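> One-letter residues, chain by chain:
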Amino acid sequence: KNQVEQSPQSLIILEGKNCTLQCNYTVSPFSNLRWYKQDTGRGPVSLTIMTFSENTKSNGRYTATLDADTKQSSLHITASQLSDSASYICVVSASGVTGGGNKLTFGTGTQLKVEL
Amino acid sequence: SQTIHQWPATLVQPVGSPLSLECTVEGTSNPNLYWYRQAAGRGLQLLFYSVGIGQISSEVPQNLSASRPQDRQFILSSKKLLLSDSGFYLCAWTEEGRERGSPLHFGNGTRLTVT
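Chains as they are written, first to last, in our numbering: chain A, 1 to 116; chain B, 1 to 115.
Be aware that a few hints might be false.
As the list claims (entries may be wrong) - Over the 10 Å line for every Cβ pair with chain A, so calculated as not near, a few chain B residues: (1) 6; (2) 45; (3) 82; (4) 85; (5) 92; (6) 104; (7) 106; (8) 108; (9) 111.
What the hints assert, rightly or not - Facing chain A, a subset of chain B residues (Cβ under 8 Å, in silico): (10) 43; (11) 47; (12) 87; (13) 103; (14) 107.
In case anyone wonders, no lab produced these hints; they're calculated from the structure.
Quantities reported herein were computed from a predicted structural model and do not represent experimental measurements.
Glycine is no exception: its CB is placed at the ideal position from the N, C-alpha and C atoms.
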């Protein structure tokens, strides 16, 4: 069964500090992995996407890494801001999908709160 | 640019009442459309997807149904709501033929509470 597990479940950090969120997956066959940011009461927004051959990708203060061998990904947030407070969701796509279904497996998210 | 609209933002309905949630996409043609449900502490669950007008695929047997009467309109319905239908419903789209390569673009969701 395809699964995506994220840790920690929740995290509180002070503004300006860095943090790292983890994602472990057992999706097979693997196609790509995305990180989404979901503000409270809003829809998720894509931050990064990584395919099998990529092991790091940055989007501003967000840097995602992927280790396809160990099936782990991390999202590192540098110099956190209050606006980073949100849920961060790891989503893994399986390959070999036809007909429009996207065969995405979603993690339950890490709830990040940035405080003054 | 493409935009996705979803309404209403919040809805409180009694058990047994009907439901209709609407989603429209602007700025693109023939998108793949999706309905997801997000329950507290759980990952997003795909309910329905559509690759074209009148084409609906259901991922999970349930009390809900979906329809796509127009290219960029996707509707989620129920004839009789159950308490277990409460949740956060998200509509999303991807570019045609690029389900795995392009991101899901989500609407801002509908918070449904069945009382």
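> Now tell me, hint by hint, if it's right for this structure.
Results of checking the hints against the structure:
no.	hint	verdict
1	6	8 Å, violated
2	45	8 Å, violated
3	82	23 Å, holds
4	85	19 Å, holds
5	92	7 Å, violated
6	104	7 Å, violated
7	106	3 Å, violated
8	108	5 Å, violated
9	111	7 Å, violated
10	43	3 Å, holds
11	47	12 Å, violated
12	87	13 Å, violated
13	103	4 Å, holds
14	107	5 Å, holds
Violated hints, listed in ascending order, are 1, 2, 5, 6, 7, 8, 9, 11 and 12; each of the other numbered hints is respected by the structure.
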